[in-house]
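From first to last, the protein sequence lines are chains L and D.
FYI, in the numbering used here the residues of the first sequence are 1 to 318.
FYI, in the numbering used here the residues of the second sequence are 319 to 596.
Hint data in this document are derived by calculation from the structure and do not stem from the laboratory.
Treat the hints with care, as some may be off.
As the list claims (entries may be wrong) - Computed from the model, here is a short list of chain L residues facing chain D with C-beta under 7 Å:
1. Leu33
2. Ala36
3. Leu40
4. Ile42
5. Gln51
6. Met130
7. Ala135
8. Ala140
9. Thr143
10. Trp147
11. Val155
12. Tyr158
13. Ala254
14. Gly273
15. Ser304
As the list claims (entries may be wrong) - Example chain L residues on the side facing chain D (calculated, C-beta under 7 Å, incomplete):
16. Pro35
17. Ala117
18. Leu126
19. Met136
20. Val139
21. Ala289
Quick caveat: nothing in here was measured; it's all calculated off a predicted structure.
Glycine included, each C-beta is placed from N, C-alpha and C at the ideal position.
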Amino acid sequence: MTTTVTAPEATGAQAPDAPPSRKRRPKLPYALLIPAIATLLIGLGYPVTWQIINSFKEYGLAQQFGQPAEFVGIQNYLDLFTDSVFWTIALRSVAFMAGTALLTMGIGIALALLMKAIPTWSRIVLQVAMLLAWAMPIVAQMTVANWLIDDRNGVVNYVLSLIPGVDLVGHNWLEQPLSFFLVAMTIITWASVPFVAFSVYAGLTQVSDEVLEAASLDGASRSQTLRMVIMPIIRPVLVILLLLQLIWDLRVFAQIQLLQDFGAGGERYDLLGTYIYGLGIGQSQFGMAAAAAMVVMALTLAVSWGYVRSMLKEDSES
Amino acid sequence: MNRTILRAGGATLAVVLAAIWAFPVYWMINTSFQTPATINKLTPTFVPLDGTLKNYREVLADNSFTAALGMSLTVTAIALVLCVLYAVLAALAIARFRFRGRKTFVLAIIVVQMLPAEAMFIAQYKMLASANLLNSVIGVTVIYLAMVVPFTTWMLRGFVAGVPIDLEEAAMIDGCTRMGAFRRVTFPLLAPGLVASGVFAFVQVWNEFALASIILTENQKATLPLWLRDFAQTSNLGVTEWGQVMAGSVLVAIPVIVFFMIVQGRMAQGLVGGAVKG
Numbered sequence: 001m002t003t004t005v006t007a008p009e010a011t012g013a014q015a016p017d018a019p020p021s022r023k024r025r026p027k028l029p030y031a032l033l034i035p036a037i038a039t040l041l042i043g044l045g046y047p048v049t050w051q052i053i054n055s056f057k058e059y060g061l062a063q064q065f066g067q068p069a070e071f072v073g074i075q076n077y078l079d080l081f082t083d084s085v086f087w088t089i090a091l092r093s094v095a096f097m098a099g100t101a102l103l104t105m106g107i108g109i110a111l112a113l114l115m116k117a118i119p120t121w122s123r124i125v126l127q128v129a130m131l132l133a134w135a136m137p138i139v140a141q142m143t144v145a146n147w148l149i150d151d152r153n154g155v156v157n158y159v160l161s162l163i164p165g166v167d168l169v170g171h172n173w174l175e176q177p178l179s180f181f182l183v184a185m186t187i188i189t190w191a192s193v194p195f196v197a198f199s200v201y202a203g204l205t206q207v208s209d210e211v212l213e214a215a216s217l218d219g220a221s222r223s224q225t226l227r228m229v230i231m232p233i234i235r236p237v238l239v240i241l242l243l244l245q246l247i248w249d250l251r252v253f254a255q256i257q258l259l260q261d262f263g264a265g266g267e268r269y270d271l272l273g274t275y276i277y278g279l280g281i282g283q284s285q286f287g288m289a290a291a292a293a294m295v296v297m298a299l300t301l302a303v304s305w306g307y308v309r310s311m312l313k314e315d316s317e318s
Numbered sequence: 319m320n321r322t323i324l325r326a327g328g329a330t331l332a333v334v335l336a337a338i339w340a341f342p343v344y345w346m347i348n349t350s351f352q353t354p355a356t357i358n359k360l361t362p363t364f365v366p367l368d369g370t371l372k373n374y375r376e377v378l379a380d381n382s383f384t385a386a387l388g389m390s391l392t393v394t395a396i397a398l399v400l401c402v403l404y405a406v407l408a409a410l411a412i413a414r415f416r417f418r419g420r421k422t423f424v425l426a427i428i429v430v431q432m433l434p435a436e437a438m439f440i441a442q443y444k445m446l447a448s449a450n451l452l453n454s455v456i457g458v459t460v461i462y463l464a465m466v467v468p469f470t471t472w473m474l475r476g477f478v479a480g481v482p483i484d485l486e487e488a489a490m491i492d493g494c495t496r497m498g499a500f501r502r503v504t505f506p507l508l509a510p511g512l513v514a515s516g517v518f519a520f521v522q523v524w525n526e527f528a529l530a531s532i533i534l535t536e537n538q539k540a541t542l543p544l545w546l547r548d549f550a551q552t553s554n555l556g557v558t559e560w561g562q563v564m565a566g567s568v569l570v571a572i573p574v575i576v577f578f579m580i581v582q583g584r585m586a587q588g589l590v591g592g593a594v595k596g
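Make a model of the complete structure from these sequences and hints.
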């Protein structure tokens, strides 16, 4: 930090060659932010504002063709909250989010602990395999998944049918809604576990050997060490990872949309993302879609508040 | 002794799990080399011994593929260059200066990353529709930029903060201006950060499917993810040509996998941030 004796009021980094007599608020940082702020205002600010306004308007097909959209107060929200379809889909989304996030965290933590305990060569094999899965673009993931579970020639049905007494050749995994969502959950978990496992593993490598040694000298068993020494140390990582998983799993859209494209569509296979898409793009009920989107946005921000706070803390620490 | 057995067992388990995780990727590559006759057998072929490159030739000869590749390259290139440029400037501002409004901006770029893109499509669609920018490179790029600039800024902020400000100050004492010192001293040292954040932006834009499927509805404007979806579906009407579809998947995925391998460590760090440092 450069503070000169002659300019006690000076704050922040500033050019040392600036004449000390006319200290002014620096203009440079604002200029540097202009492109980023303009981008955010156009790409996000305007749409979000439009969305907030239109969630209070009657905006359907008729308005699409020129009728003025009128303010209807909270009518859209009332309609939404009294609609049992919306509630079913909202609860289903929350259940899907919780299930997928917990499954991902459980497997990810287990894999990280495994990675810590095994010889280096086998750890690298596992890491490379997981990197491949992590790097797959979503559309490629879903396309491959559809081929894997293809009813006639899919390798999944073939392998499962090798188990005595099981005959799944010709079985369509996307027909039953429950089975549809289990498929979606499996694919999303498969794709998100690597990030969790790598991050937890990185956290585990920060636990110093001295601490572990001290614990074992004090007579702690392996499970006690894990529960009472290791877990508390990596807790901050786990909390952030869980939050990120919850946020990401609440907003799944592409995966569900693509599974519907390949399999069956309709409300029974919807989560909030595809439901909003259907309302807006499918039925041109823009007012209702905006209201539903606002609900999802509020839900996400509520879930992510902890993450935002921890990021802000990181900023003020550096 | 007991410990050795445990380690051997753990290693075996790890290899089995690695096989499970890599299997879908392997199966994609495996199928992409098989002829329709092999694929349609009721018993799957696990190793493409009598492999063929025909699937790749067919896909590469397909005009819709080359058009989508061109579209993806255009959109990604523009978004990438502008995103990194804007993000470097913004990162410089928040890492090097303390000014009024700084906290608000930092809060904004963090919160914005949390906004579910899926909840804004409709509004973005309406905005582009009213500006007559549906099915245009500009329209989709504007939204993509807003999507990737916040995280890229956040990531680069860490890299800028990692370069000691003393270096810039020394340069300024030697007669550089504020920006000159940044350009000649800090910017070259940011190279690893620029690569990492650039690859991040590339992967995001290259893979984006959901928004593209709403904004780019004309076939000749499709990006690669849209092309792959349509390619898998059009063949769905009759018998799906899984060999060609998998060859297409490989072509879409390969650039991402390659770039991803380069920077995965840094990406995880950017997301989890200081928590990993303990």
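> Out of the numbered hints, which ones does the structure contradict?
Replying inline: Per hint list: zero violations.
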